[in-house]
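These protein sequences, in sequence, are chains A and B.
Note that the numbering used here has the first sequence beginning at 1, numbered continuously upward.
Note that the numbering used here has the second sequence beginning at 1001, numbered continuously upward.
Treat the hints as calculated values from the structure; they're not laboratory data.
Backbone N, C-alpha and C fix where the C-beta goes; we use that ideal spot for every residue, glycine too.
There may be inaccurate statements among the hints.
[Claimed, not checked] Listed next, the stretches of chain B that the computed footprint assigns to chain A, with coverage defined by at least 3 CB atoms under 8 Å from CB atoms of chain A:
id, segment
1, 1042 to 1050
2, 1099 to 1105
[As the list claims (entries may be wrong)] For each label pair, taking beta carbons as the anchor points, the in silico distance ranges come out as:
id, chain 1, residue 1, chain 2, residue 2, range
3, A, A82, B, E1015, 41 to 47 Å
4, B, Q1045, A, G16, 32 to 38 Å
5, A, T15, B, R1051, 41 to 47 Å
6, B, P1082, A, R109, 24 to 30 Å
7, A, G16, B, A1111, 46 to 52 Å
8, B, V1054, A, G40, 19 to 25 Å
9, B, H1007, A, K9, 31 to 37 Å
10, A, D38, B, A1070, 26 to 32 Å
11, B, G1055, A, P83, 41 to 47 Å
12, B, Q1045, A, P61, 21 to 27 Å
13, A, M41, B, Q1045, 38 to 44 Å
14, A, Q22, B, V1054, 23 to 29 Å
[Unchecked claim] Below, a list of computed lysine-lysine pairs in the BS3-like style, where the Cα atoms sit at most 30 Å apart:
id, chain 1, residue 1, chain 2, residue 2
15, B, K1022, A, K14
16, B, K1094, B, K1057
17, B, K1022, B, K1068
18, A, K14, B, K1042
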Amino acid sequence: NAGVTQTPKFQVLKTGQSMTLQCAQDMNHEYMSWYRQDPGMGLRLIHYSVGAGITDQGEVPNGYNVSRSTTEDFPLRLLSAAPSQTSVYFCASTKTGGGNEQFFGPGTRLTVL
Amino acid sequence: GENVEQHPSTLSVQEGDSAVIKCTYSDSASNYFPWYKQELGKRPQLIIDIRSNVGEKKDQRIAVTLNKTAKHFSLHITETQPEDSAVYFCAASKYDYKLSFGAGTTVTVRA
């Protein structure tokens, strides 16, 4: 199993550009989440999904969209990039059942100029 | 929503000594408390977790304690080694997919 994969690893955008961060998992996990990590602030939840076709907002959803058309994929879209979205983005997945480990992807380092 | 506070933000210990990191949470309904270790440039990885029906859990040199009444939980690392140097995050959750993280503790183990 590849686990949770993310592409790209690094990305530089100009203010106003849009892009999609890709996330995929091959563990047949129902739950998937997106977090952003900023220095001194831990990880903050952006959006999450409890299954294909079901998504919801987390703590910091503004400026981001998600969709979940398959169990495996959970892309994160930046609609119009802003410098405040410069961060490291982690995708995670976990299976249902209560108290189960969240497996994180390797992360995408995004810089918005 | 859930608010998790973590202390200290940095911790320097001599190799072989113990390290303790403390977290408090605000939502009394939270019932799952994982701890993650993140090495520089890497992804967070789970090192230990505890559920609300358990007061203490141990795995070799690491242990976690939970006080639900006071709404705080702690990570204890004994006999620290250089490879324990990393950033440690606590988290709390009512649901597996909605973790609320503390701000992190940078642990440095001095040889």
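Worksheet entry | Residues of the segment 1099 to 1105 of chain B with Cβ under 8 Å from chain A, three needed, outcome | holds (count 6)
Discussion item. Given the hinted pair K1022/B and K14/A, is their Cα-Cα distance within 30 Å?
Written reply: It is violated: about 40 Å lies between the C-alpha atoms, which goes past 30 Å.
Fill in: Range hint compliance [Cβ, A82/A to E1015/B, 41 to 47 Å]
This hint holds: roughly 44 Å between Cβ atoms.
Item to complete: Take a quick look at whether K1094/B and K1057/B sit within 30 Å of each other, Cα to Cα.
Response: Holds, at roughly 19 Å.
Worksheet item: Does the alpha-carbon distance linking K1022/B and K1068/B stay inside the 30 Å limit?
Response: Holds, because 13 Å separates the two Cα atoms, which is no more than 30 Å.
Worksheet item: CB of Q1045/B to CB of G16/A, is that within 32 to 38 Å?
Response: holds (36 Å)
Worksheet entry | T15/A paired with R1051/B, Cβ distance criterion 41 to 47 Å | holds (44 Å)
Item to complete: Evaluate the given range 46 to 52 Å for the C-beta pair formed by G16/A and A1111/B.
Response: holds (49 Å)
Practice prompt. Please test the hint of 41 to 47 Å on the beta carbon pair from G1055/B and P83/A.
Written response: holds (45 Å)
Worksheet entry | Status of the given 19 to 25 Å range, CB of G40/A versus CB of V1054/B | violated (31 Å)
Item to complete: Just tell me: holds or violated, for the beta carbon distance of Q22/A and V1054/B against 23 to 29 Å?
Response: 37 Å Cβ-Cβ, so the 23 to 29 Å window is violated.
Item to complete: Starting from the hint 21 to 27 Å, judge whether the C-beta atoms of Q1045/B and P61/A obey it.
Response: Hint holds: Cβ distance 26 Å, inside 21 to 27 Å.
Consistency note: the structure conflicts with the earlier hints numbered 8, 13, 14 and 15.
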